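The task is simple: from the sequences and hints, build the whole structure.
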Amino acid sequence: MPILKVEGVSKIFKDVKALDDISFEFDHGIISFLGPSGCGKTTLLRSIAGLEVPDAGTISIADKVQTCIERGVLVPPYSREIGFVFQSYALWPHMTVFSNVAFGLKLRKKSDDEIKRKVMATLDLVGLQGREQRYPSQLSGGQQQRVALARSLALEPRLILLDEPLSNLDAKLREEMRVELKKLIKKVGISALYVTHDQDEAFTISDAVVVMDSGKILQYGTPDEIYNRPLHPFVAAFVGHAALVDGRVVRIDGDNCLVNVPEFNGADLISPATEALAAGDFCKVVIRTTEVKLSPDGFPKGADNVLEGLMTSREYRGGLTDHRVQIGSKELIVTSHKLCPMIRVNGDGAKTFVSIDRSAISVIVTH
Amino acid sequence: MPLVASAVAGAAIMTPVLVVMWRSFTSGKLGFSVGLNLANYLRVFGDKDIFSMLSNSVIYAAGSALLGTVLGAFLAWIVARTNTPGKALVELLPLYPILMPPIMKNIAWILLLAPRSGILNGMLQHFFGIETLVFNAFTMAGMVWVFGLACVPLGYLFLLPVFLSFDPSLEESAYIAGSKPVNTMFKITFPLAIPAFTSALVLNFLRGLRSFETPVLQGTPGNIKVFVSRVYDSMALEFNAGLATAYSVVLVVLSIITLYFYIRATRFSERYATITGKGYRVKVIDIGAWKYLTFATVVLYFLAGIVLPFIVLIVVSMIPYFDYDTFMQFPSNAVLTNYYTVMRHPSFVTGLYNSLFLSVTIAIVTVFLGIVMAFTIYRTRAAGTKVFEFIGTLPLAFPPLVLSVGLLIIFIGTPLYNSLWALGIGLFVAYFPYAFRNASGAIVNIHKELDEAAWVHGARWRHVFFKITLPILKPSVGGALFYIFIEAIRNVDVAVLLTAPGKEYGPVTLFEYFRVGQWAEAAAGGVIYLIILIVAVSVAKFAFKMKFSL
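So the sequence lines, in the order shown, correspond to chains A and L.
Take 0 as the starting number for the first sequence in numbering that gives the first Met the number 0 and just add one per residue.
Take 0 as the starting number for the second sequence in numbering that gives the first Met the number 0 and just add one per residue.
Hint data in this document are derived by calculation from the structure and do not stem from the laboratory.
Nothing here was measured: the structure is a model prediction, and the numbers come from that model.
Heads up, the beta-carbon is just placed ideally off N, CA and C, and yes, glycines get one too.
Any given hint might turn out to be false.
Ranges between beta-carbon positions, derived for each pair [said to hold, decoys possible]: (1) Ile255/L to Val74/A: 24 to 34 Å; (2) Arg316/A to Ser168/L: 29 to 39 Å; (3) Lys171/A to Asn82/L: 24 to 34 Å.
Capping the alpha-carbon separation at 20 Å, the derived lysine to aspartate or glutamate pairs in EDC-like fashion look like this [to be verified]: (4) Lys186/L to Glu171/L; (5) Lys447/L to Glu155/A; (6) Lys117/A to Glu69/A; (7) Lys466/L to Asp14/A; (8) Lys447/L to Asp206/A; (9) Lys215/A to Glu163/A; (10) Lys185/A to Asp212/A; (11) Lys466/L to Asp123/A; (12) Lys16/A to Asp62/A; (13) Lys181/A to Glu155/A; (14) Lys182/A to Asp123/A.
One side only, chain A facing chain L, incomplete, derived with CB under 10 Å [stated by the list, open to error]: (15) Gly49; (16) Val84; (17) Ala89.
Right, dumping it as structure tokens:
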């Protein structure tokens, strides 16, 4: 039984399609919705919570229909039995930590004993024991985040929705919290739907990732599938460091696919073949620039796809360095761990060879 | 449920507004109306005084607004940005309009400036032998002076935050560019304060158009007619509802035009956005020898604008009767007879009780319904909320006197006529927009996710309203309750047409005393109100920790 089922959900805000016929199912675990701001991921989350009413479609949680515009079903948010962690945390400033967490339990008419036991157990779980009489303003950002989580967990929902819950924390704390958040959700054993625009966060935390743009789902898969086998140029560009160039499939050779790239002085690149590819297809060639190698000293023997280029500048970033290499009419930003020497020849830049391993390339048909 | 409450409040507001509009197109005396015609408007625009009335209204409102706003802005600048000695005297300014009801200001200044019996002319004659009557409260200049002083606090309150929370880097970058402090003041600081200044100016102009006490107490005796006094005369003296409503409509049109400019001015000021959330510490500038001039301004304003009226009121309330010689004999002739007289006078005692009872009740009712209506508009998916937004703000375009004209026309012939309910409804309609706008501003500022977090964790609208919205609004609720209580307890312009024998309203009683020449009793009654207001301020300050300075 899927914990969440969304069928044909659409929502238009003044000519802008925030959600364009979204359908997906999700059994259990942690699923992330990843996309740039304005892609519709938050609208989808709010529609699932019942805070937003879509223009069309059906949303079911644990096989119970919550929203069905066609049949006029609209379960109010207070009856959906879900958890929701807001981007701003939305802790009620006039209530103590205890009262914030106890709020939903009180509305469910639990006994005082039970409320106390549950609140304390949940605060214990999130590591906030001893803080129950504080007010939200007396807590740090990370602690406020935990209270927001505890407030939802205390109600023991089967599904918890998280709307960019870490975006208000500083970078270091964010990395700590996402690991902890994952552990906690797994420990409690509930399902979670997580909205974020940060691909690292999405990949670390989730079992499945959904990439969205302009109200549409572009790809739904495991983090590994999304990163290594993007099905859409946007997905490739949005997750990780990738360069995109236009190409055309020359031929398929068993496991390999030969693609002609006009921008690289018309070079042919070897890449892994997929079932979707056929000779003559126009395509986008996605190159993972972190896996591209630079050989300024001479032709790298035995490497795949060796191209010749001019290194025009370098940006040193500490652990990594971005090298700008002009290949034909295309500038490739190659990120590597070591700083490559750059010997300028007649002011244009330094001549270098670039090799792209075939596993660092994916080819997406564009028709 | 919240929708029903909002609808009731909306209906209470719309009825007098529509009645004024409709009644202005019919003729006949109070209680009757005949046919649908333009007779009233023909009389209004056929009146040979219409142009002088129009120019009087505009000169009076513009003159007071200009005097008050310029002085207020100047004082704000002195307090915020200069090293003027004694500027602490001005920091009490926000408290002054709270303690001094408008009617008491007029009474005090008339006692000072009256041509024959006035204290200042008497002093000129007595000490300097000047026989000419230099001062005259019953002239345009007298009106502008008294109402202009009443406009100072608003100018001060609008400009002070601008000068205080001004981003210092705006001035610092001018210094870097080579501009000296005085030049920077004129080229950077003052121009950036223009939007706030314009807002205060236009708002003071609007207050001038609507003001009742000064035109009736000072303008009418000096035969200077403005629209408000003409509406009052048509209704209270000629009992001609058609004419009163026609004059009202002209006044409303003027108010709406002014409001339009006010809205434009405030929109414009947002673009300047010099005030940010950051708590800047602005630099105080050493203005050198100029500080003697600013010091003189501060002291003069403090004495003439604030202290003098208080002293005059207190002294006059404690002398047997008012004339110049008796006034000058104080304190050897101090008596408390005026206090005995007013406290034994049924019209004052009932009025005092009614004003206390009604202003407490009205404050609670308007603030609660204002929050309910704002909650309905901004926090529920109820239909037609735009309409409520419009209705809730509408009475701002209607001078309070005009609203009570409308209500009086409705009440005649019903059991509400001459009842305490009539007064209560009038005050409700006049003060509801303030409560509503205050609540809207506060509710819009509460992050919507706080409500939504309650929805998804199991709360229904009543839980959200009583457990989240209301508790978070607590600080602004306190302020709104206090403000409406203070405004209502000294109201004259709504109550003046709705009082009846046995259903008096305190400030209106004082207004009547003054009109029939019982000046010393009026002063004594005024001092009693002053004491009530001081108690209210102290309670607010100490029991509810309310702040009265910025």
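To see whether the hints hold, each was checked on the structure:
{"no.": "1", "hint": "Ile255/L to Val74/A: 24 to 34 Å", "verdict": "violated, 46 Å"}
{"no.": "2", "hint": "Arg316/A to Ser168/L: 29 to 39 Å", "verdict": "holds, 31 Å"}
{"no.": "3", "hint": "Lys171/A to Asn82/L: 24 to 34 Å", "verdict": "violated, 46 Å"}
{"no.": "4", "hint": "Lys186/L to Glu171/L", "verdict": "holds, 13 Å"}
{"no.": "5", "hint": "Lys447/L to Glu155/A", "verdict": "violated, 24 Å"}
{"no.": "6", "hint": "Lys117/A to Glu69/A", "verdict": "violated, 39 Å"}
{"no.": "7", "hint": "Lys466/L to Asp14/A", "verdict": "violated, 37 Å"}
{"no.": "8", "hint": "Lys447/L to Asp206/A", "verdict": "violated, 31 Å"}
{"no.": "9", "hint": "Lys215/A to Glu163/A", "verdict": "holds, 19 Å"}
{"no.": "10", "hint": "Lys185/A to Asp212/A", "verdict": "violated, 28 Å"}
{"no.": "11", "hint": "Lys466/L to Asp123/A", "verdict": "violated, 26 Å"}
{"no.": "12", "hint": "Lys16/A to Asp62/A", "verdict": "violated, 27 Å"}
{"no.": "13", "hint": "Lys181/A to Glu155/A", "verdict": "holds, 17 Å"}
{"no.": "14", "hint": "Lys182/A to Asp123/A", "verdict": "holds, 15 Å"}
{"no.": "15", "hint": "Gly49", "verdict": "holds, 8 Å"}
{"no.": "16", "hint": "Val84", "verdict": "holds, 9 Å"}
{"no.": "17", "hint": "Ala89", "verdict": "holds, 4 Å"}
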